[in-house]
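In the order they appear, the protein sequences are chains A and B.
Just so you know, we're using the numbering used here here: the first sequence kicks off at 1 and counts up by one.
Just so you know, we're using the numbering used here here: the second sequence kicks off at 1 and counts up by one.
A few of these clues could be false.
To be verified - Not close to chain A: a few residues of chain B, all C-beta gaps over 12 Å, as computed:
| no. | residue |
| --- | --- |
| 1 | ALA23 |
| 2 | GLY31 |
| 3 | LEU39 |
| 4 | SER43 |
| 5 | LEU51 |
| 6 | GLN81 |
| 7 | THR131 |
| 8 | GLU140 |
| 9 | LEU312 |
| 10 | GLY342 |
| 11 | ASP375 |
| 12 | GLU398 |
| 13 | ASP462 |
| 14 | ASN473 |
Said to hold, decoys possible - Rough simulated footprint, nothing fancy, chain B against chain A, three-plus residues with beta-carbon under 8 Å:
| no. | segment |
| --- | --- |
| 15 | 190-201 |
| 16 | 259-268 |
| 17 | 331-345 |
To be verified - Away from chain B, derived, C-beta distances all over 10 Å, residues of chain A:
| no. | residue |
| --- | --- |
| 18 | LEU72 |
| 19 | ARG218 |
| 20 | GLY219 |
No lab work stands behind these hints, which were simulated from the structure alone.
Glycine residues also receive a C-beta, built at the ideal position from the N, C-alpha and C atoms.
Residue-level listing of the chains:
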Amino acid sequence: MTPPTTTTRRRARMTAQSPRRPLGTIGLAIGLAVVALFAAIRILTPEDPGTALADAVQDFVTLSASVVIESLPFVFLGIVLSIAVQLWLPPDFLTRRLPANGFLRRAFISLLGILLPVCECGNVPLARGLLQRGLTVGESMTFLLAAPILNPVTIITTYQAFGWQDGILVWRIVGGFVIANLVGWVFSRHPDPMSLLTPAFQAACAREHADAATTPRRGARMFVEETSAMLPALFVGSAIAGFIQVAVSRDILITLGQNPVLSVFALMLLAFVVALCSNVDVFFVLAFGSTFMPGAIVAFLVFGPMIDVKMLALMRTTFTTRTLVQLTAIVALASAALGLAVNLAA
Amino acid sequence: MSRGSRMSTDHRNPREGDRARQAEGRRFRRGLTATIGVLAGASVLLGAASLTQGPKLADAAIDVERATTLAGSRLVLELNQPVDRVDGDVVVTPDESFELEIDGDRLVVSFDEPLPYDEAVTVTIDGVVGTAQPAAATIEYRFTTADEPVHTLVRRSPEGEPDVVRRSSVGDPTPEDVLEAPRLRSFAHAGDVVVGVAIEDDGSNSLRVAGIGDTTQTIAFPEPGTVNSIGGSTTQPLVAYTFNPAAGDAEPAPQSVLYTLDVSGAAAEPVPVLGPDGTPVTVNDWVFVPGTTSVVVQDVDGAVFLADALGLSPAQPLGTHAELRGMLPGTTDLILADPDRGTILDLETGEARENVLPSAELPDEAYPGHVMQLDDTGTHLLEVLIVSGDGVGSVATEALLARVGEAETVVLHATGADSRRLATCVSPNGRLVAVETAPIGADSDGYPNAPSLVGRLTTIVDIETGEVVLTQNGGSSDWCH
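Next comes chain A alone, as it looks inside the complex (with noise of 0.2 Å):
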């Protein structure tokens, strides 16, 4: 590839940042307003908030505010780390060093997340930086699935609500590691897997390749890009999570959880509902041990970290719907299946 001239340089970055300025700037300003929105709402809110809001709107804004906060922190670490894997890690440092052969290296890969050990918030943005440093878009699938639940904080949590019973903690760690290296091995075969990304994110690649900023600049820059794309998404993720928990009755999903095949699907749906972090999803489901059997919660541990609500809005500032909807069929069949065996056998 011909090195380009730096108007070149500066006019193709203008090019590619022309139809995403003003989307970030929205989204930041999105996010601004949510933010702002919440604040006031707890100012005016009285102390007696029954008589000025509804219950419902009450716990919309209360479960939508705390997927937030609880999110955010990991959301900003992902970000710092994806930036820093960008800026300082070098293009060619990982493939190097991984395994050459697919299977292996996508095993490798998976096991990320003990060294990086980021909740799936987190690990959006910084998947999006390990695919600007030359992996392929299975391997940042496989990362991006696996390393929520291969991951020490996870892990130990996990342990913790649950000791060795009915063996949810490895199954849960099993199940995280086949599922995330089965996605990674089937979109490994696709034939463009440039197609598999969004446009949006395509073109964040091609500018990062052509961006000869200085380092500091591109930092701030990439930081604002991150959160411009990730903070929406979030907020949008996290009002669809509180909106469901309310309409949805608890009651419901308890009732279908003491049958063992509807209690699989019911605890999955939950997860994808309540779209906690995987570092905190076993002591929510801790609740639910005694009424739901352990396939249920085993199949709540490994799809909820990997596909839930605010994931999703998450995972398409990168995938296409397309491949969404293909990883999500993937990931909740396997879950499911994971979940009916585990029912099954205990």
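We have chain A; now place chain B onto it with these hints.
Okay, now just chain B, sitting in the frame of chain A:
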């Protein structure tokens, strides 16, 4: 782009490249479809297999300690789905009477009577159908009930050694000494704590408490006196005793006041049991109510009242009766006797019903003695003395122990010609009886106020079969109170 070189390494001409790309596209779609298909198929198969499996046991809970001390103890079998019905039989091995209740996703087996000690119990429920699947399943659960300690007092001071309270158990007959003092009058236990009544040099009593901490505690009374009756709760960390102050010059205080001792904490402090008028009363007899902190007290005038051992609620009068015959094992049923009738009073509901005991089938030379009722049908143990003469002035006696039911009278134990029976005590679950004997002609140990015989032996007998379960040196079994 380095990634681009890995993703697209096609150096063929455009048409060949397109064909190859299309082939790769078809290969990807086939792989994707196959993966989704296999996973969907696996899910369907696994789901179908789950639906044909029927309910499964998810968890089970039973308090094996309470199961041997209280009637109505519950085995809760939690299944992985709500139970619709039970079509099959329920079998409990060994045979016990029970009730089965369906409560959502739980099967609750309530045992009508306290269970035997150290017994492996298997509960099998056939034909359990859940609400999720039509398939029936067999639910089986096995548990082992708690062992019961057997305590005896071995008086060794006549041989120059300190007295000991010796403990073994139904499941492990190897005895160990749990409390030692120069001279012990009696004892009681509550859980692992053993409280002995020690006889001091001046003849007055003090309490020795073992099992709280590493050392034996001594509780001295504020004034000299004697402890005439001591007993422990079978379900609570409580011991109670009556204390008689020594006669003095001062104004006479109430005699034989009942005190309770909470042995759950580090320091045990005696608390007097107060009568309905809020003052200590002179006690004639008393008994703990199993499963509660209550105690039934009869004063010297025959008035019976129910008091809280911890003094948390005022005493409730239960009327005046001639005799307090204890509690039906493991229940809140109080047995009362009057000259004209017997009564069973349910302390939980306040319901009273007439208590009629079946007549024992005894020979002419038999003399009935102490009665120990086992259940509300009137089945009881009866001490019997058989007196036989040889016609020339010589008389021989034999002490028998009989189980008297509505259908039959069965001799469970005979002391034999060379020993005499001193006491008979039924275990808290009503399944065993401790028979205390001593050799004919044994000397008295000469203890003040509480003499007994040297060489006492306690034999534990199964009330159902008459088999001897355990034999241990010593006597004064605290099962009697």
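Now for the hints, and whether the structure bears them out:
Not every CB of chain A lies more than 12 Å from the CB of ALA23(B), the least distance being 8 Å, so the non-interface label is violated. For GLY31(B), the requirement that its beta carbon stay farther than 12 Å from each beta carbon of chain A is not met, with the minimum near 5 Å. In this structure LEU39(B) is not separated from chain A by more than 12 Å, as the shortest Cβ-Cβ distance comes to only about 4 Å. Annotated as non-interface, SER43(B) brings its C-beta within 12 Å of a C-beta of chain A; the closest such distance is 5 Å.
The claim that LEU51(B) lies off the interface is violated: its Cβ sits roughly 6 Å from the closest Cβ of chain A, which falls inside the 12 Å cut-off. At the 12 Å boundary, the C-beta of GLN81(B) falls inside the reach of chain A, the nearest C-beta of that chain being 5 Å off. With a least beta-carbon separation of about 7 Å from chain A, THR131(B) fails to lie farther than 12 Å from that chain, contradicting its non-interface assignment. No Cβ of chain A comes within 12 Å of the Cβ of GLU140(B); the nearest lies about 16 Å off, and the non-interface call holds.
Against chain A, the non-interface label of LEU312(B) holds: every CB pair exceeds 12 Å, the least being about 33 Å. The claim that GLY342(B) is not at the interface with chain A holds, since no C-beta of that chain comes within 12 Å of its own (minimum 47 Å). For ASP375(B), the condition that its CB be more than 12 Å from all CB atoms of chain A holds, with the nearest at approximately 37 Å. Residue-level check passed: GLU398(B) sits 59 Å from the nearest beta carbon of chain A, beyond 12 Å.
For ASP462(B), the shortest C-beta to C-beta distance to chain A comes to about 39 Å, beyond the 12 Å cut-off, and the non-interface label holds. Distance to chain A confirms ASN473(B) as a non-interface residue, since its nearest Cβ pair spans about 46 Å, more than 12 Å. Residues of the segment 190-201 of chain A with a Cβ under 8 Å from some Cβ of chain B number 5, which satisfies the need for three, so the listed coverage holds. Interface restraint, the segment 259-268 of chain A with chain B: holds (4 residues with C-beta to C-beta distance below 8 Å; minimum three).
Only residues whose C-beta sits within less than 8 Å of a C-beta in chain B count toward coverage, and the segment 331-345 of chain A has 8 of them, enough to reach three; the restraint holds. Annotated as non-interface, LEU72(A) keeps its C-beta farther than 10 Å from every C-beta of chain B; the closest such distance is 30 Å. Non-interface status of ARG218(A) relative to chain B is upheld: no Cβ of that chain comes within 10 Å, the nearest being about 18 Å off. Against the 10 Å criterion, GLY219(A) stays outside the reach of chain B, whose nearest CB is about 21 Å from its own CB.
Comparing the model with each earlier hint shows violations of hints 1, 2, 3, 4, 5, 6, 7; every other hint is respected.
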